[in-house]
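Trainee: Each chain is listed here by its residues.
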Amino acid sequence: MSKTRFIAKRLLECLVSLVVMSFVIFSLLYIAPGDPARSLVGAKKVTPELLSKIREQYHLDDPFLTQYTRWVHDAVSLEFGNSIKAGYPVIDYIAPHAAVTFQLVGLSLLLSIIIGVGLGVVSARRKGRLTDRIIDISSIIGTCSPSFALGLVLLYVFSYQFGIFPMYGIGEPGNLPDVLWHLILPAITLTVGVSALLIKITRSAMLKEVSSDYAVFMRARAIPTGKIVFSQLKNASAPVLTSTGLVLASLFGATVLIENVFSIPGLGVLLTTSVTFRDVPVVQFIALMLGGIICLTSAFVDILVYFFNPTIHRTPNNDKKAKGAS
Amino acid sequence: MTIKIEVSGLQVQISGNEILKGIDFKLEGSESVGIVGQSGSGKTMMMRSLIGLLPNQAKPSGDYRIDEQSFSLDAREKQWAKIRGSAIGMVMQDPFTALDPLKKCGKQILDGVPKQKKADFDIASALKEVGLPADAADRYPFELSGGQRQRIVIAASLATQPRLLIADEATTALDVITQKEILDLIDSIRSVRAMPLIVITHNIRLAKTRCDRILVMENGKIVEEGSALKVTEQPCSEAAKELIEADRFLQVKSFSDSYSGGDTLLRAVNLNKRFGSVTALTDVSIDVCAGECVGIVGQSGSGKTTLARCLVGLTKADSGSVKYFGGNRAQIVFQDPYASLNPAHTIRYILESALKASNRPLSELEELISLAEVPEELLDRKPAKLSGGQRQRVAIARALAPRPDLLICDESVSALDVVVQNQILNMLEKLRRDRCLAVLFITHDLSVLRMIAGRVYVMNEGHVVEHGTTRQIFESAKNSYTKTLIEAAAFGSAESAPGELVPFI
Chain A
4 MSKTRFIAKR
14 LLECLVSLVV
24 MSFVIFSLLY
34 IAPGDPARSL
44 VGAKKVTPEL
54 LSKIREQYHL
64 DDPFLTQYTR
74 WVHDAVSLEF
84 GNSIKAGYPV
94 IDYIAPHAAV
104 TFQLVGLSLL
114 LSIIIGVGLG
124 VVSARRKGRL
134 TDRIIDISSI
144 IGTCSPSFAL
154 GLVLLYVFSY
164 QFGIFPMYGI
174 GEPGNLPDVL
184 WHLILPAITL
194 TVGVSALLIK
204 ITRSAMLKEV
214 SSDYAVFMRA
224 RAIPTGKIVF
234 SQLKNASAPV
244 LTSTGLVLAS
254 LFGATVLIEN
264 VFSIPGLGVL
274 LTTSVTFRDV
284 PVVQFIALML
294 GGIICLTSAF
304 VDILVYFFNP
314 TIHRTPNNDK
324 KAKGAS
Chain B
152 MTIKIEVSGL
162 QVQISGNEIL
172 KGIDFKLEGS
182 ESVGIVGQSG
192 SGKTMMMRSL
202 IGLLPNQAKP
212 SGDYRIDEQS
222 FSLDAREKQW
232 AKIRGSAIGM
242 VMQDPFTALD
252 PLKKCGKQIL
262 DGVPKQKKAD
272 FDIASALKEV
282 GLPADAADRY
292 PFELSGGQRQ
302 RIVIAASLAT
312 QPRLLIADEA
322 TTALDVITQK
332 EILDLIDSIR
342 SVRAMPLIVI
352 THNIRLAKTR
362 CDRILVMENG
372 KIVEEGSALK
382 VTEQPCSEAA
392 KELIEADRFL
402 QVKSFSDSYS
412 GGDTLLRAVN
422 LNKRFGSVTA
432 LTDVSIDVCA
442 GECVGIVGQS
452 GSGKTTLARC
462 LVGLTKADSG
472 SVKYFGGNRA
482 QIVFQDPYAS
492 LNPAHTIRYI
502 LESALKASNR
512 PLSELEELIS
522 LAEVPEELLD
532 RKPAKLSGGQ
542 RQRVAIARAL
552 APRPDLLICD
562 ESVSALDVVV
572 QNQILNMLEK
582 LRRDRCLAVL
592 FITHDLSVLR
602 MIAGRVYVMN
612 EGHVVEHGTT
622 RQIFESAKNS
632 YTKTLIEAAA
642 FGSAESAPGE
652 LVPFI
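As given, the protein sequences belong to chains A and B, one line each in that order. First residue of the first sequence? That's 4 in our numbering, and the numbers climb one at a time after it. First residue of the second sequence? That's 152 in our numbering, and the numbers climb one at a time after it.
Just so you know, the hints here were simulated from the structure itself, not pulled from any lab data. Fair warning: there could be bad hints in the mix.
Capping the alpha-carbon separation at 27 Å, the derived lysine-lysine pairs in DSS-like fashion look like this [as the list claims (entries may be wrong)]:
1. B:K254 to A:K237
2. B:K536 to A:K211
3. B:K258 to B:K269
4. B:K258 to A:K237
5. A:K230 to B:K268
Facing chain B, from chain A, some residues (calculated, C-beta under 10 Å) [what the hints assert, rightly or not]:
6. Q70
7. D95
8. K130
9. T134
10. Y217
11. M221
12. R222
13. R224
14. S240
15. T314
From the three backbone atoms N, C-alpha and C, an ideal C-beta is built for every residue, glycine too.
This is chain B alone, in the form it adopts within the complex:
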């Protein structure tokens, strides 16, 4: 059952660019290895070259041995089939796109089962292993939540009987509570099956709690390697130090003091919204004052996005009122920087048309990009050439064009890695202080709010269950849901108990 993997001198080139610059990596026994690094450091490419899923243009080279047998890195699709599934299984990053939307989950799990074992494969027990009831087999992916879908993805990976599991940012797309559940599940499966695990993540705190050994990657090279404890406690590489520094929960000891008590800027009273039989908002009331940063936190499905959309009029509330005081109103920055910019236009065109639309002189372009810290040389590029963080800066610059009093950020940093997240958060904090810009920050991640928000509203199932200053929320939360959120966000620093099976949610 055990597996032995050895790569040496692994290089990957894509159209002349060296993505991986000579990597040596060894895995034996049932250890769990964390590969950490910022986005673009090459960690996903490294994992994908082990399983032959590099992009078409990529040219890998190097020595790859699996169970003492040499394997060609540029093998054909048919030969890779021997390694994929049976030797190495993979859990994809985004459970919302990893499953075929038109196929029932049970069928998808069954598809990967090796032919000779198909006859006596028991779907119900496969689902039970990942903490799902048997009737999940009969559901389509869209009928399940993100966490449940990720369980299906895990079950589908395990169905191929792999001897090594690779989890590529497997929880990044999930909210904190679900993240913890999925990680616990992977831990328990690993210990039951005595299976080695590779965790790829930008979250060094996660790697610390879940892995025996950590490799730190930067610019296509492994810059540091050692036991989880050593790398996190005594990092020697800059890359490792940066990742640790970016991890707010380990660092931030103080709370943001952004509660200004200024004039009320926005008052929403008793908002209600239903979609068919689903209630999204129930009597939600919030206030935002000039120049303060207010956080709204809750799990997926808690109604926070609906609230944001109601506040800017993208969705009409069934009842209740939204009132703005003062001249310039709110602008919104969305979650996905990849989808919110028109790929056909240059950054200059995008920002200039935002200025035109708000009757501002084009000469303000320079000011905009300096506010949002968009490097000037990006202006004549199109969004596809920009990194996620750069795109989000452009989206913020665009939102600033009409000089709003309030910026609504809907999960605006969730898709970015921690280091970039920090940069964006610092920029928002600076805007708030220097320009007296109020920020309404919507997120599932309490630790982000701890850093920038002065007040916090906690939402659950369409209700505001608790609100107060950030300090009150963190130090003396009364509501049990708030406590769960804080606990889940802190799983790295507090002692967590992996190994127990999480019930079906």
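Okay, chain A solo, but in the shape it has when bound:
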């Protein structure tokens, strides 16, 4: 398969999942109990006239599919309607919250990769020794500890007792160092939960490479250890990259709880209040956006893995030849 065909195919798959996802997200409004028109009325007095007026305004009497296609059409032209609660366009309403969450998730993704891959490599190279055991045990403890509880403990120790980190909030908007400073504790909390997965996957992928012949041969030629580890890591990268995509997805899930613990006004907090308020356009937009990000990331990771491995993309028939030859 040629490079362009592979990329096109992968992006097409991504598009298909986005369409399916959009359909599910749109249906939620109708599957959820209660009359959408009633919730749109909000605090106003409910009269039959008002209800039918709202129904007409929002095309709620049209068949389901017509409504869906209209919604998709609007969404494609980046028109997501107004937030019911705030009364102005969803995008403007969400943007500041999204920025905070992206910073938080980005920071903890970076930490997870550094810690997960780093400790995974050390663990594999020290297989069966004390270091390996310690990393193993602490990563299990990390996975098992509930993130909200860990968040509270970290807050108590580092913010309350020692006063190193701020207690809550996101600091002065626009001042990046200050924002990052505020986001460090929540990011660490998020990282602890997910990095065990990366440690385990890096470790098992690296174990195969550590004992490989080419690594022995590199040692036999006095090639520096750093260079050998880099080669091994590159060979072990496929499962690590793929699971990094999964880690990103679970970070977005976990952030809902953590933002509440640290009182960070991010997407998670917005999502919970919007769900309680039945602010459907906002919920739909957040769900669609996160789904889109995860879809694109996993496509991107797959493409990256593809380019890392020359046996897939160079000379298309060679892999088959190797199998067919005796």
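Knowing the structure of chain A, use the given hints to seat chain B on it.
Mentor: Relative to chain A, chain B alone:
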């Protein structure tokens, strides 16, 4: 440039087991030394302790002097860097795994060049020295054949400017023709560079033709030492005698008479198979009769494995027919005994599930293991605890469970050392005679076929280029490719001409 190496009282322990039991070894000048022994005799461990590449758990002790300077055998990684590469270079056994699969070959060669020489290192001439064209630098290992990869491995070893080269079974994984080319290449490099060489091998015939001096190892000790001629002509140790005896080409004078002329068991007609743009089989037709042993021989890439897979239905041929006559069909035994058994199960479980799968009573287990000569005490072990030969016996026992009429052995002894090879071949021959089991034996090594096959098909590039009885093939081969194969297989007994550079293949 010369190097002087001296080890005395070399011992290696791994978790309480003595692997090497006191070895004294000396190397000077530009001689070539062969270290021969069966697998497990400790020859690889000995070589690895000279370069600090023992497994982590290993504890070496003894006196190690290199160029009159004493060196600690349990030195740290950093100190070993002084010896590795610059003093001693190593050629690995398996060219298919010795190179980083994700790095271009030129880069891999360059990686080992000492820092101060990196600037004026000429990759093209390094490749030329090993008989490869300059554009090989831009290839990934998977784009090269086994022989070409081994040339890259040699070039990478030489790039570190070693004063001594160690070749650890450097040709065992290659087919006979490529083996000869690689050995010739190593010989020529050695004579051009006037560099000493240590050849580690289980093939005493190879050591005889390529080395000045031979050390025979057994159970972690050197049991015999002397000039190549003396050790091979007048061996005094049992180990040396056994190795010589196992070398079929020096011993077997007669041909197998396994051509029975019985009923036809399997008939494959005009098989064709393509993988993408690569043609693996072109109009291949073969017959196997009940109770005979048929050999299929050819180089890597000749299509013999594809043929085996087509015969048992693991690969579907594009056209042609495969027909079995009689009730019970074929079973296949693969090349790598390390990969073909599930490491999670005990031998008993593996064999019992094979019996269950073929609706046989479990009481036949005993018969199975006695047929394949699997010692009973192995039953409750897992494959990791077994030697290569023992595993291959288990794989054969498993293949016998459904009582097949035909056993297809795809390079089933190539990964084993000669002594074990012989045992397995004798067992197959016995099965054939006593149980009337037909055997289709696929190999790159003609000398194996000479011992057990009654008829031989020679394959090259997906074609059957010649077939006939083994005697006809050996004594009056018509096809030029067949002649090349016979010549390469006989390189030890016939006069070979080392020293000439082999062209790029």
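Trainee: None of the hints should be skipped; say for each whether it holds.
Mentor: Against the structure, the hints:
1. Restraint check for B:K254 and A:K237: the C-alpha separation of about 10 Å stays at or below 27 Å, so the hint holds.
2. Restraint check: the Cα-Cα separation between B:K536 and A:K211 comes to about 19 Å, which is no more than 27 Å; the hinted pair holds.
3. Distance check on the hinted pair: B:K258 and B:K269 sit about 11 Å apart at the alpha-carbon level, within 27 Å; holds.
4. Distance hint between B:K258 and A:K237 is fulfilled; the C-alpha atoms sit about 15 Å from each other, no more than 27 Å.
5. Distance restraint check for A:K230 and B:K268: the Cα-Cα separation of roughly 18 Å lies within the 27 Å cut-off, and the hinted pair is therefore satisfied.
6. For A:Q70, the shortest C-beta to C-beta distance to chain B is roughly 49 Å, which exceeds 10 Å, and the interface hint is violated.
7. The criterion of a C-beta within 10 Å of any C-beta in chain B is not met by A:D95, whose closest approach is roughly 46 Å, and the hint is violated.
8. Given the 10 Å rule on beta carbons, the hint for A:K130 holds: about 9 Å separates it from the nearest Cβ of chain B.
9. About 13 Å separates the beta-carbon of A:T134 from the nearest beta-carbon of chain B, more than 10 Å, and the hint is not met.
10. Checking A:Y217 against chain B: minimum C-beta separation of about 5 Å stays under 10 Å; hint holds.
11. The interface hint given for A:M221 holds, since its Cβ lies 7 Å from the closest Cβ of chain B, which is under the 10 Å cut-off.
12. A least Cβ separation of about 6 Å between A:R222 and chain B falls short of the 10 Å threshold, and the interface hint therefore holds.
13. About 4 Å separates the beta-carbon of A:R224 from the nearest beta-carbon of chain B, less than 10 Å, and the hint is met.
14. Interface hint at A:S240: satisfied, since its Cβ lies 9 Å from the closest Cβ of chain B, which is below the 10 Å cut-off.
15. Proximity of A:T314 to chain B holds as hinted, the smallest CB-CB distance being about 5 Å (cut-off 10 Å).
Hint check: violations occur at hints 6, 7, 9; the rest are consistent with the structure.
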